[in-house]
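> Using the hints provided, position chain H relative to the given structure of chain P.
Number of protein chains: 2
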Amino acid sequence: MTSSQLFEQIKLKRSFLCIGLDTDINKIPEFLLTKDDPIFEFNKGIIDATAEYAVAYKPNLAFYERYGAAGWNSLQKTVKYIRTKYPDIFTIADAKRGDIANTSAMYAKTFFSVLDFHAATISPYMGHDSTMPFLAYEGKWAIVLALTSNNSFSDFQMLDCGNSGKKLFEEVIEKSMHWGSDANMMYVVGATRHEHIKKVREIVPDHFLLVPGVGEQGGNLADVVRNGMNSKCGLLVNSARGIIYADNSMRFAGAAKTAALKLQTEMEALLKEASII
Amino acid sequence: MTSSQLFEQIKLKRSFLCIGLDTDINKIPEFLLTKDDPIFEFNKGIIDATAEYAVAYKPNLAFYERYGAAGWNSLQKTVKYIRTKYPDIFTIADAKRGDIANTSAMYAKTFFSVLDFHAATISPYMGHDSTMPFLAYEGKWAIVLALTSNNSFSDFQMLDCGNSGKKLFEEVIEKSMHWGSDANMMYVVGATRHEHIKKVREIVPDHFLLVPGVGEQGGNLADVVRNGMNSKCGLLVNSARGIIYADNSMRFAGAAKTAALKLQTEMEALLKEASII
Numbered sequence: 001m002t003s004s005q006l007f008e009q010i011k012l013k014r015s016f017l018c019i020g021l022d023t024d025i026n027k028i029p030e031f032l033l034t035k036d037d038p039i040f041e042f043n044k045g046i047i048d049a050t051a052e053y054a055v056a057y058k059p060n061l062a063f064y065e066r067y068g069a070a071g072w073n074s075l076q077k078t079v080k081y082i083r084t085k086y087p088d089i090f091t092i093a094d095a096k097r098g099d100i101a102n103t104s105a106m107y108a109k110t111f112f113s114v115l116d117f118h119a120a121t122i123s124p125y126m127g128h129d130s131t132m133p134f135l136a137y138e139g140k141w142a143i144v145l146a147l148t149s150n151n152s153f154s155d156f157q158m159l160d161c162g163n164s165g166k167k168l169f170e171e172v173i174e175k176s177m178h179w180g181s182d183a184n185m186m187y188v189v190g191a192t193r194h195e196h197i198k199k200v201r202e203i204v205p206d207h208f209l210l211v212p213g214v215g216e217q218g219g220n221l222a223d224v225v226r227n228g229m230n231s232k233c234g235l236l237v238n239s240a241r242g243i244i245y246a247d248n249s250m251r252f253a254g255a256a257k258t259a260a261l262k263l264q265t266e267m268e269a270l271l272k273e274a275s276i277i
Numbered sequence: 278m279t280s281s282q283l284f285e286q287i288k289l290k291r292s293f294l295c296i297g298l299d300t301d302i303n304k305i306p307e308f309l310l311t312k313d314d315p316i317f318e319f320n321k322g323i324i325d326a327t328a329e330y331a332v333a334y335k336p337n338l339a340f341y342e343r344y345g346a347a348g349w350n351s352l353q354k355t356v357k358y359i360r361t362k363y364p365d366i367f368t369i370a371d372a373k374r375g376d377i378a379n380t381s382a383m384y385a386k387t388f389f390s391v392l393d394f395h396a397a398t399i400s401p402y403m404g405h406d407s408t409m410p411f412l413a414y415e416g417k418w419a420i421v422l423a424l425t426s427n428n429s430f431s432d433f434q435m436l437d438c439g440n441s442g443k444k445l446f447e448e449v450i451e452k453s454m455h456w457g458s459d460a461n462m463m464y465v466v467g468a469t470r471h472e473h474i475k476k477v478r479e480i481v482p483d484h485f486l487l488v489p490g491v492g493e494q495g496g497n498l499a500d501v502v503r504n505g506m507n508s509k510c511g512l513l514v515n516s517a518r519g520i521i522y523a524d525n526s527m528r529f530a531g532a533a534k535t536a537a538l539k540l541q542t543e544m545e546a547l548l549k550e551a552s553i554i
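Chains as they are written, first to last, in this note's numbering: chain P, 1 to 277; chain H, 278 to 554.
A few of these clues could be false.
Here are the simulated lysine to any residue pairs, SDA-like style, with alpha carbons at most 20 Å apart [what the hints assert, rightly or not]:
no. : chain 1 : residue 1 : chain 2 : residue 2
1   : P       : 77        : H       : 350
2   : H       : 354       : P       : 67
3   : P       : 167       : H       : 347
4   : P       : 109       : H       : 304
5   : H       : 443       : P       : 164
6   : P       : 167       : H       : 285
7   : H       : 443       : P       : 162
8   : H       : 444       : P       : 80
9   : P       : 80        : H       : 354
10  : P       : 166       : H       : 438
11  : H       : 444       : P       : 161
12  : P       : 77        : H       : 347
FYI, nobody ran anything at the bench for these hints, they're computed from the structure.
Bound conformation, chain P alone:
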């Protein structure tokens, strides 16, 4: 998927919502547990209920690996379901992989050929070897961790580097932006870091930013938009728990729909305010 196709979807759906499919069998409605593949059944319910409001889905791999081979089957079925039924929706493997070059090439093959995701998240610690294999696929994206939404983001990402007064996350963006372009790279910037989103936007004015941490982790949507939106939106804002676990009864899908609609409505207002739609 190209960035202009993604932008078209954003304008069409009046939304830049990414839904995190972090599906935990201990949190899904009990009645699903008798199904052959409860995780896939849950995902299908969530996807069908929210597809009109979401421009992207992002399963976190940890939640699938947790169930070994069965979990991988659920993941594979989930991606295939989205890619087949909703081919215009962007799909992200939230894998945070990063390895030496030939090993990263294996990961890229897994996510882009075997599973047919549009994008995968990458941990930058091992340098460009980890990212380059993901950039070799036409229409696919590497989404590099810059500033994460978790509590210990500051352990290393906020270290001062060199004599430049730059933080490590700035070095990561400034170096890695030359490995690809705004046509095949995005950056993860946590919503809870809104004071730094502006800084990131200055460094990469045209890249899409994937922003987790709105809602449950305390990030505020209007702050994210004020600091990070560009003329082509340039944002995918992720929400997981607040949508997928809005209710754990028979009505889980309807509750997810309501929660997604609520966020989409806020996003629509913000897109209008920015004269994007």
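Chain H only, in chain P's frame:
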């Protein structure tokens, strides 16, 4: 497994060899391809041929995920085979995971409960949240990436941090060493970085170091030992391609055995030289 149990194995086998089970279906002997699970059959052959010389096995997850659910089955069977037949051998999930706390907890459960590995490799970029869940398991280990063996290690790991003159990899070790202890944490330091292994050894005199990159990646065993060995060995030196792909005919296992024996013989001499055995 405790560090003294690991040290006992090192003395018993006169070896600190870790074998990387980076099993690529395109590189294994053709006659195995007719088997139900060629990857597992190959691993079994390698393991049985080399178990007397190796103190650890380290499958890299990328090589298994590449085959989706089937690959996870091969991995699960491989770990179970080692844990059952060779319970004294240390097993490492080379996964390089790193995520927010609740997600890292999922990964820890996967590698330590579902798959019963002794250790998993962790990427430090997201800080202590990524590592802590792995330290909650008795007898299990987190192996944090410090200085990797790949070409682009210097993109970020070698950045000067703060005003201290320290490199990022030093900051990673100095900060993370307080999250656990030498009883549940190790560090990855590439064999190709032998000029820095000494530095790492100064910071963490008692921790085990997992050292990839000997052989195929150009690292030299004697250099690694000179700079990194401590009084309890403190090293696990990994070799993958040089052992597991020593031959790709019917005689692959015998050739792997010969290659492992060659490294073990060198290691025995070095352990004697250091008066450890």
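> Against each hint, give a clear statement of whether it holds in the structure.
Structure-based check of all given hints:
For the proposed pair residue 77/P and residue 350/H, the alpha carbon gap of about 17 Å is at most 20 Å, so the pair holds. Restraint check: the Cα-Cα separation between residue 354/H and residue 67/P comes to about 14 Å, which is no more than 20 Å; the hinted pair holds. The straight-line distance between the Cα atoms of residue 167/P and residue 347/H is roughly 42 Å, outside the 20 Å bound, and the hint therefore fails. Under the criterion of a C-alpha separation no larger than 20 Å, the hint pairing residue 109/P with residue 304/H is consistent with the structure, at around 17 Å.
Taken as a hint, the residue 443/H and residue 164/P pair is honoured in the structure, with Cα atoms around 15 Å apart against an allowance of 20 Å. A hinted pair counts as satisfied when its Cα atoms are at most 20 Å apart, and residue 167/P with residue 285/H does not qualify at roughly 44 Å. Distance hint between residue 443/H and residue 162/P is fulfilled; the C-alpha atoms sit about 10 Å from each other, no more than 20 Å. Between residue 444/H and residue 80/P the CA atoms are separated by roughly 44 Å; this puts the pair beyond 20 Å, and the hint is violated.
A hinted pair counts as satisfied when its Cα atoms are at most 20 Å apart, and residue 80/P with residue 354/H does not qualify at roughly 27 Å. Distance hint between residue 166/P and residue 438/H is fulfilled; the C-alpha atoms sit about 10 Å from each other, no more than 20 Å. For the given pair, residue 444/H sits about 9 Å from residue 161/P by alpha-carbon distance, which is consistent with the 20 Å threshold. Proposed proximity of residue 77/P and residue 347/H is supported: the alpha carbons are some 14 Å apart, at most 20 Å.
This entry does not satisfy hints 3, 6, 8 and 9, going by the numbered hints stated previously.
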